[in-house]
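Just so you know, the protein sequences line up as chains R and G, in that order.
With the first sequence counted from 1, adding 774 to any position gets you my numbering.
With the second sequence counted from 1, adding 695 to any position gets you my numbering.
To be clear, the hints were calculated from the coordinates, so they are not data collected in a lab.
One thing to keep in mind: the hints can contain errors.
Taking lysine to aspartate or glutamate and the DMTMM-like style, the derived pairs with C-alpha atoms no more than 25 Å apart in a straight line are [claimed, not checked]:
{"#": "1", "chain 1": "R", "residue 1": "1040", "chain 2": "G", "residue 2": "712"}
{"#": "2", "chain 1": "R", "residue 1": "802", "chain 2": "R", "residue 2": "818"}
{"#": "3", "chain 1": "G", "residue 1": "755", "chain 2": "R", "residue 2": "918"}
{"#": "4", "chain 1": "G", "residue 1": "738", "chain 2": "G", "residue 2": "712"}
{"#": "5", "chain 1": "R", "residue 1": "937", "chain 2": "R", "residue 2": "970"}
{"#": "6", "chain 1": "G", "residue 1": "791", "chain 2": "R", "residue 2": "781"}
{"#": "7", "chain 1": "R", "residue 1": "964", "chain 2": "G", "residue 2": "779"}
{"#": "8", "chain 1": "R", "residue 1": "802", "chain 2": "R", "residue 2": "918"}
{"#": "9", "chain 1": "G", "residue 1": "750", "chain 2": "R", "residue 2": "781"}
Simulated restraints on C-beta separations [what the hints assert, rightly or not]:
{"#": "10", "chain 1": "R", "residue 1": "803", "chain 2": "G", "residue 2": "725", "range": "40 to 48 Å"}
{"#": "11", "chain 1": "R", "residue 1": "1089", "chain 2": "G", "residue 2": "706", "range": "49 to 57 Å"}
{"#": "12", "chain 1": "G", "residue 1": "769", "chain 2": "R", "residue 2": "1077", "range": "28 to 36 Å"}
Glycine is no exception: its CB is placed at the ideal position from the N, C-alpha and C atoms.
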Amino acid sequence: MPLPIGDTIGILADNLRLRKSVLPISAKGASRWAKGLGLPRGGETVLYTGLMYQLIPYITAMSASQEKVEDSFLAGMVGLGRQVNRLVSISAFMARPPAAVKEQYDKVLRDIAGLLRTAGVEFGYLYGDELYSGALIYDLGGDDLFADHARLVYDTFRKHGVKNVITVDPHTTNMLRSVYPSLIKGYDLKVRSYLEVLAQADLRPVRELGTEVVLHDSCVYARYENVLDPQRTLLARAGCAVREPGESGVFTHCCGGPAESLFPRKARQVAGERVEQLQEAGGRGVTMCPICLVNLRKASGPDLDLQDISGYLSRAYGA
Amino acid sequence: MARVNPGFLEEVRRSDEFNASSCMNCGVCSAVCHMGIELLPRKLFRYVLLGLKDKVLENKETVFSCLLCKQCEVNCPAQVHIAENVRSLRYYMNKKVFKH
Ligand code: SF4
Ligand code: SF4
């Protein structure tokens, strides 16, 4: 029995409505990556994580539980779970990621912040005031709830005097750059991905990496946001030989991740096909989206070395 | 016998973005879809255009399993807004079926 679509969306929507995120993580947990970096609070330009990298360990733990529930008698009880979730967050019980996994994703954000500093970009961070963009609810067609949430996110930026937003993942970039402006009158934030910011900066590598990598483009960067050159420019400048898999660039093969919340098994199958293409191309796998990274890693296991692009860039350009 | 609901298209369509009628039924989208979604968008959108509401509602799983990856859209010769059309169907189902 597949997961009941209506109730599963209901739990995610209730979480966004009541707890301002699809999976509840504490403000402290979400901003832990920035501890000790001395980033100013707010400012005209901010690094906006959109909570995606921080949410991934929870989504992984949650989808492992969902995969067990899918095809079991428990699938029929998700509706009951939704009733309970309104009072107590059931996601918090279903999703308990190990500390080492959380640390891995926090490091991505620290690397990105370090790279921006090296590039001479002055930026702040909203710490506990930062909210999730609402991307998953938008994808699931929860447009009315999403519109209210988008307004809340925008008002938070305005309250802090933000004019420029630097994003770290494709989904958040798409929401803030292309979707929010269609919903919010007078929307005036300038939104760029950190990859675009770094590619435009005059960054020179301090280490030549000399690594052969195979690039997995994110569907959203490639087909929604036209972010295709920065990742190639930055890796090539860092001395990487960039290989392209069977389907790449604007025709990139999806990682299957967007099906993860409702159809975990199908998501795994699509990811497996992509992993094969990456392996055929050879080289170490490079991703630039937390959803791609986690979904492809789950499918490949130890057979393919897959890393977020930020780690390579940090090694090459970091101070 | 399928029941025809003439007002269905208007219920689903929220703006001109919903351009299912541009579809030429060429089948490219089904051929390139990584989810192997045979039904989308040709038949599904045709059901909407024909007012076959029951047929659409029978296919909730198909509508929600689309990745919104736009692989079909970049290959579509008729510039059908496939991903946005799917999202319109999801919105409709959330409102009318799941009552969110
Ligand atoms: S590729 Fe475009 S025109 Fe061809 S069947 Fe699909 S939606 Fe219709
Ligand atoms: S957007 Fe949906 S229908 Fe189109 S290729 Fe992707 S999964 Fe298939």
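Consistency of the hints with the structure:
no.: 1; hint: R:1040 with G:712; verdict: violated, 28 Å
no.: 2; hint: R:802 with R:818; verdict: holds, 23 Å
no.: 3; hint: G:755 with R:918; verdict: holds, 20 Å
no.: 4; hint: G:738 with G:712; verdict: holds, 18 Å
no.: 5; hint: R:937 with R:970; verdict: holds, 17 Å
no.: 6; hint: G:791 with R:781; verdict: holds, 14 Å
no.: 7; hint: R:964 with G:779; verdict: holds, 24 Å
no.: 8; hint: R:802 with R:918; verdict: violated, 29 Å
no.: 9; hint: G:750 with R:781; verdict: holds, 22 Å
no.: 10; hint: R:803 with G:725: 40 to 48 Å; verdict: holds, 43 Å
no.: 11; hint: R:1089 with G:706: 49 to 57 Å; verdict: holds, 54 Å
no.: 12; hint: G:769 with R:1077: 28 to 36 Å; verdict: holds, 29 Å
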